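With chain A fixed as given, assemble chain B onto it according to the hints.
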Amino acid sequence: MSEDEENREMIEIFVMGKRYKVPKGLTIMTALEYAGYKYVRGCGCRGGFCGACATIYRTEDEYKFKMDLACQTAVQDGMFLVQLPFVPAVREDFDIEEVDPKENDNVMLDYYSEIARCVSCNTCTKACPQDIEAMDYVQAALRGDVERCADLSFDCIQCGLCSIRCPADIKHYHLAQLARRITGRYIHEHSDELEKRVQEIKNGEYDDKMKEMVEMEMEELKKLYEERDIREEG
Amino acid sequence: MTDGYPDYMQESIKKVKETREERMGKTYDRMTPSEGQEVLNNFHPDYKKEGKEELKIGPSKGRKVPTELAKLLRARSLIDPSEIDLTQVDHDVDVLIIGGGGAGTVAALWSVYEGIDPENILISTKLRHGDSNSMMAQGGIQAADKDDDSPIKHYLDAIGGGHFTNVPELVKALTIDGPKVLKWHEELGIMYDREEDGNFVELPGGGTSRYRLHSSGDYTGMELMRVLRDEADNLDIPVLEFTPAVELLKDDKGQVAGALLMNLETNEYYVVRAKSTVMATGGFGRLHVQAFPTTNHYGATGDGLIMGYRAGVPIRDLDSVQYHPTGAAFPDQIVGLLVTEKVRSLGAQPVNMDGELFVNPLEPRDIEAAAIIRECRGRENGVTTPTGMQGVWLDSPLIEMKSGEGTIEDTLPAMVRQYERFGIDITKEPILVYPTLHYQNGGLIINEDGSTPVKGLFAGGEVEGGVHGKNRLMGNSLLDYNVFGRRAGMTAAKHAKKASIGKLTLDHVNDYNQQIEDAGIKTDKKSPLLLPEYRGKKVLERHLDVEVTL
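Protein sequences, first through last, are from chains A and B. 153 is the number that my numbering gives to position 153 of the first sequence; each next residue is one higher, with no gaps. 1395 is the number that my numbering gives to position 395 of the second sequence; each next residue is one higher, with no gaps.
In isolation and in its complexed conformation, chain A is listed as follows (with noise of 0.2 Å):
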């Protein structure tokens, strides 16, 4: 037995049906680890934002499948697990430029036409690791509702459970994508305030007073430093 072993509460996994014992309190990725794999795929941020380690588990007690981040799940005895190295999914390409809904308001059918295939079966939001409402998006997208396709899925870390589950072979991920640019670019009302400022910076307004700060000793920086005021409240 090895020291590990001896000093923490081991339990069993599964992994793609093979038997390892890891120590209670890993997460799936760092029991792996601990098991001897070493991630060329299925690992990116370890941190829950990157969507590099989705996992599909079942536990012994469960008839139903269940799906996480393999880096911000535990290990729990006796559950069987692989990890999904690739989503195949195609993505269409487009140009920003020409995907304004208020010259189209097909936009999204347009690119990814299977939406219409939506059974509502509300699959891929239970695939969802980051408990996305992703059939609601899926059909806000369908009624030409950008904005709230958008805010929706807002949280995707693109792993591609949704997708993987789907029936109806819809992308949700990238049609997501797309609602998300649209919005941004053409949707919610761009800043005046740095509109201005990137006029004052072209009109080279900054550029006398940046060569002066760039040029001064350093003493004189130092106290300019020291007696800035600072704004403390918003």
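The set of hints was computed from the structure by calculation and includes no laboratory data. Small disclaimer: the values here were computed from a predicted structure and weren't measured. Positions of the beta carbon are idealized from the N, C-alpha and C atoms, including for glycine.
Straight-line alpha carbon distances no greater than 20 Å define the calculated DMTMM-like cross-link-like pairs of lysine to aspartate or glutamate that follow:
#1 A:38 x B:1265
#2 B:1153 x A:226
#3 A:202 x B:1147
Covered stretches of chain B (chain A as the covering partner; in silico rule of three or more C-beta atoms under 8 Å from a C-beta of chain A):
#4 1150-1159
#5 1209-1218
#6 1230-1241
#7 1527-1539
What the simulated footprint calls covered on chain A by chain B, stretch by stretch (three residues with Cβ under 8 Å from a Cβ of chain B suffice, anywhere in the stretch; the number is not a length):
#8 36-43
#9 47-53
#10 71-81
#11 92-98
#12 155-163
#13 216-222
Just chain B now, kept in the frame of chain A:
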């Protein structure tokens, strides 16, 4: 499964609750320069004498860097140049970009805007396109666009935060380009948090004198990265995934002329000849400097520093490492992960085991981190976790007292989700935090146009140094990769239009191996590291080095 905080920690949480009302709206004086220096000297890991090593070879011989990096810089190359056939060129391109994170993707896009045909660009990346620290940034991006703000104020904040060790021309580029970058993002359709009138919702960050932080909830890095990647896909820029560069190539004129790539799944090598090469490999958090946990992604192993240094690019400021003040200290499954500075921007205070505020919540990062370490190690006012970690409380429920119920759910959905998985409700309970290894402040030396001192090589993002000096402010890394990714991409494109490449060589790798020999360095290590080692001890002890053939 962890089920919230254990009972003994609940007792300390009770004290935090008791003092909350009284602390609310109270400020804690910012440290004077001498107080700041004192806490840094005594408690910041960078200021310890141990843990650094002087480089014996290479273009920055004599400089000190963390021991973990020094070991890789004095290691032999992963490859044996005599086994490589450089006459068979697999990809012949104008611009090769090494790294598929934020900086690399921005460089690729701006190479296209500068007139390079996407077919003549190649992005090589170790993991998937987009797998990077850029993806994980939560808090936001700085750019001075408000009326009461200016690029000059941003300049002063950044250079003061860096203790005046930054390169002035690089800070100028960073701050003057900021608003232009945001404008480009608007055109690409990045969704930022906005006021009704379309102006940005902006927050302060540690060390900023104005409200200048633009964010997309606490998924800012992810929103930027997924849009940039989407646009690179639209333009059909070729990407080789799971195929990192392992060495730069040079030509007989001494300029950088591409790279040698390796397919991580087949171990086959590919020769890429390029007129311009952009290094955009990111940082080195996964080296776990001074045994700290890290917020960084799996591939952050400093490969670009190793390849660039061997090719003759000097380095700077690598003796300073950014420890983010607030990494998760509990539960064990997420130790070291980022608790974004935005939590403090929104009003949460760091408090000790007795519920006392002990530092201004928005000091520059190094000072804030040192103050938290002092509270735990120096004053022993920290909370100890069941696995022996120390931490202080970050009192998140204050946010809702200040700005109303629902604010946390709306502004920090990623944080809420992360803690919910482990039975902790951060709208009601504080978060236990301790500093975590976050950012490589220094790196390869660059000029303000993104070129390095070695002809044909350009760099942008975390791999380069000088922009932040010895301490980066919050929100300046997303800006850095956009500004210098863009500049490196444009300069690389311009260079490619007039460059001509001679005979490819790996002589500089042989030379470097010779320097290791001549300096009497004994090493059994090879670098770049490519991937960190986390396999179990027992497995590694029993590992057989046998190649299985079919």
